[in-house]
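Chemist: Hey, can you work out the whole structure from these sequences and the hints?
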Amino acid sequence: MKLRWLGGLRGLRGLARLKLEEALLPPVVALLIALLVGDLLILSFGQSPAAVYRQLLEGTWGNAYGLGQVLYKTTTLAFTGLSVALALRAGLFNIGAESQLAAGGFAAALVGLALPAGLPSLLVLPLYVLAAGGAGAIVGGIPGVLKAKFGAHEVITTIMLNFIVLALLNYLITTRYKVHDTLHTAEIKSGVLPRLADFYSPFHGSAANAVLVLALVIVAATWWFLFRTRAGFELRAVGLQPPAAEYAGVNVGGVWWHAMALAGAIAGIGGLNYVLGYKHYYEEGFSAGAGFLGIAVALVGRSHPVGIVIAAVLFATLSQGGLAVNALVPKQMVDVLQAVVIISMATAVPEVRRVLLAVRREAGSGKREASTAPPNRTPLPFSRSTP
Amino acid sequence: MIRLTAIEKSFGPVRANRGASLDVATGEIHAIVGENGAGKSTLMRILSGMFRPDSGRIEVNDRDVTGWRTADAIASGVGMVHQHFMLVPTLTVTENVTLGAEITRRGQLDLAKARQDVQALVDRTGLVVPVEHRVAELTVGEAQRVEILKTLYRGARILILDEPTAVLSPPEVNELWRVLRRLRDEGATVVLITHKLDEVMAISDTITVMRQGETVGRLKTSDTSPSEIAKMMVGRDVVLAGSGRVPGEAGRVEAGSETSRAGALPASRFSLPALEVRDLRVASSRRANVVDGVSFAVAGGEILGIAGVEGNGQTELIEAIAGLRAATSGNILLAERDITRASVRERGDLGLSHIPEDRHERGLVLEYSVADNLILGQQHHFTKRGALDTERIGSHARELIGTYDVRPTDPALPARALSGGNQQKIVIAREMGGAREFRVLLAAQPTRGVDVGAIEFIHSQLRQARAEGKAILLVSADLTEVLALSDRIAVMYGGKIVAIVDGMSATAERLGPYMTGAAAA
Chain H
1284 MKLRWLGGLR
1294 GLRGLARLKL
1304 EEALLPPVVA
1314 LLIALLVGDL
1324 LILSFGQSPA
1334 AVYRQLLEGT
1344 WGNAYGLGQV
1354 LYKTTTLAFT
1364 GLSVALALRA
1374 GLFNIGAESQ
1384 LAAGGFAAAL
1394 VGLALPAGLP
1404 SLLVLPLYVL
1414 AAGGAGAIVG
1424 GIPGVLKAKF
1434 GAHEVITTIM
1444 LNFIVLALLN
1454 YLITTRYKVH
1464 DTLHTAEIKS
1474 GVLPRLADFY
1484 SPFHGSAANA
1494 VLVLALVIVA
1504 ATWWFLFRTR
1514 AGFELRAVGL
1524 QPPAAEYAGV
1534 NVGGVWWHAM
1544 ALAGAIAGIG
1554 GLNYVLGYKH
1564 YYEEGFSAGA
1574 GFLGIAVALV
1584 GRSHPVGIVI
1594 AAVLFATLSQ
1604 GGLAVNALVP
1614 KQMVDVLQAV
1624 VIISMATAVP
1634 EVRRVLLAVR
1644 REAGSGKREA
1654 STAPPNRTPL
1664 PFSRSTP
Chain C
6 MIRLTAIEKS
16 FGPVRANRGA
26 SLDVATGEIH
36 AIVGENGAGK
46 STLMRILSGM
56 FRPDSGRIEV
66 NDRDVTGWRT
76 ADAIASGVGM
86 VHQHFMLVPT
96 LTVTENVTLG
106 AEITRRGQLD
116 LAKARQDVQA
126 LVDRTGLVVP
136 VEHRVAELTV
146 GEAQRVEILK
156 TLYRGARILI
166 LDEPTAVLSP
176 PEVNELWRVL
186 RRLRDEGATV
196 VLITHKLDEV
206 MAISDTITVM
216 RQGETVGRLK
226 TSDTSPSEIA
236 KMMVGRDVVL
246 AGSGRVPGEA
256 GRVEAGSETS
266 RAGALPASRF
276 SLPALEVRDL
286 RVASSRRANV
296 VDGVSFAVAG
306 GEILGIAGVE
316 GNGQTELIEA
326 IAGLRAATSG
336 NILLAERDIT
346 RASVRERGDL
356 GLSHIPEDRH
366 ERGLVLEYSV
376 ADNLILGQQH
386 HFTKRGALDT
396 ERIGSHAREL
406 IGTYDVRPTD
416 PALPARALSG
426 GNQQKIVIAR
436 EMGGAREFRV
446 LLAAQPTRGV
456 DVGAIEFIHS
466 QLRQARAEGK
476 AILLVSADLT
486 EVLALSDRIA
496 VMYGGKIVAI
506 VDGMSATAER
516 LGPYMTGAAA
526 A
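Chain order of the listed sequences is H and C.
Its first residue numbered 1284, the first sequence is counted upward by one per residue in the working numbering.
Its first residue numbered 6, the second sequence is counted upward by one per residue in the working numbering.
Keep in mind that the hints were calculated from the coordinates and are not lab data.
Misleading hints may appear alongside valid ones.
[Unchecked claim] Heads up, simulated DSBU-like pairs for lysine-lysine below, C-alpha to C-alpha not over 35 Å straight-line:
1. H:K1614 <-> H:K1461
2. C:K389 <-> H:K1302
3. H:K1562 <-> H:K1614
4. H:K1562 <-> H:K1461
5. H:K1432 <-> C:K389
6. H:K1562 <-> H:K1472
Modeler: Dropping the structure here:
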């Protein structure tokens, strides 16, 4: 008996190290696998992988313009990734970030067009955030309510709502709000946000803007909400073990729809990046798949706000890098590479973790006693990452 | 002929089978009985090839088949019918029966032939089901017949059934017995797992009794009685010919006890009722009245034990009192205040503590740290300016970990990493310890799956709470535990309380007939 506890303590000393190892090693291995597949792809085009990767890095992190573009794309992906991740933490799969993003952007544009020109940004920014977040919350909240009240599966309803909302926005733009001969609204004159180039001229021409700061604030706020508030505690409990959450007095249905509305709001605020920071109008199709890519960002970022930022940078780099390497290989190669990253994350991460744990058990057998707990029953392969 | 010898099987630190054995002759109906966790299902899964034993020997028809796999078992005519149905509801009976062994003609399904074959099997065995109906349209009894048909269709001559009557109504049970006898008379061998003694007596030719992973006896049904089997299952005062056991001290003296019928409860010897349940009815997804008009009261300073075979409404009763399941009618009163419609949180704040029966499902969030699990359900009392008060959560955890001897002692460790006994201590500590002011404790299977040391600790905690004037409603599938702790014992059968007896004078022998429905009020 005594020996057993001593063994337990010995295992504890390196707990923090083990946790970090468990969090980092699997995604790194998965990325290496993706790079290897990328090598094969590049070779199949008769190019040197080293040359292509160098070109990719030079075109993104190698100059201020490229970096600015990466930061701009990172901003939108951080919002949509965070949106998907928050829902995942509540055990829900939000496929609707695409239309939530678009709805947020559209609502911001409507507010902007209604405002008198020349109001200071700081004064009207809360109004824009409220409008974009509110629109996103409605689009995200509807599937949440349908799930809580009728048990309708959120994957189906968010996908369907994407079609409905995007078609509705298209209709409103083409019939009512577009400027002649374009597919966008008139320009917003009030409270638009500065671009990074306004502060540091080498960024000139790149789309990166002050919404980046807003994104970081919301990332930090989401982290605080998830891991430091009672609501976050309850939300994560619902995502991990609904029966235990119910036992703890949590209204599971209520958490579902609140989480979806909040996820929608985050994606909706992401619409400001384009509308308020970059073009200063709403344009049909501006979301351009960023909502769907947010699913990949959440997956690779393991539903953790810090992971989301890292993953958003990764995918933004790949997406911008596709343009940089266009001369050497078709830029669609980067789309394939993104897909490979997603697939290797989904398959290699659990596999590497399994091997890692097996190796540790092997090393610790005889010293530590295994837990009697049943294996982790995970509704989604990536919804239960440890913070 | 089936012979299992010295079977050992462990799952982590849990030894499910320790030297278990089984001997079944061809053409008999053999019952395996034992309490929950006695290792019955594990032994049968080893026989059917789902698990490999750590050691031991399996022989079927004089062939050593140790370590075979499910496919080998099926090929040799050994088939298992599981407790939970494994059917595709949208497919027809014929399609379900032939699934995995489909009849094809030139690459296409030959459904006409399949239907003929399945109908022939139905006619031969008497397992009457409409072969062209979808499984979703069938009753539970019919669905089970489809499961048996599936196994027979694959040529099983040795049929293993895991608690086949758990979901059946009495007429359906009788129908099942008729079919099993017919199969036996045609030369099949039937092994069935059950913990209902009346069924054992009704259907089996021979019996194996298991306790704590061991085989404690093999009996001929015609030579034994339910009380003898019950004694062997429980493990007290067992005098078994040839077993070499020495008779222990005589059991509790059975004298002067009074058994009353449900509805007319013997007056509690204690103060005012802390918890009162009046004519409570609760529905489950399967049955309308899974709790069927239950009334009782528990006073402060009293432990009311609920005995009964699992699945007789105990789970639903506890969930209804805890607020996790709606009552269809009746009332629940906590300190004379009606809480029938109150939320889980309101009940908790009014002084209701709850040790849930399944700590992995409800009692703990396994990925959460020990500290977080120690506030589960009371998280609203651990906030400061809108955020969780991590400092107080930490000191709360350190205090409870110390008092309740939770090991390892690191509050940041995920609950998953602890042993079953220590996980249960977390639940006990949270529901009973620290600043928790509770009046009534619902303790459902409080010692399930924990080691002996933890059992003693938990029992002493329950006794101490009673001494402090708390009212405790104890539900346990372990009759020994109910007998050891309770001031009064209520027996549940078929959703009703069929008897309430005085704890001092109760014995397994006296409760047995009520638990198995043989002496229903």
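Chemist: Just pull the numbers of the violated hints for me, sorted ascending.
Modeler: none
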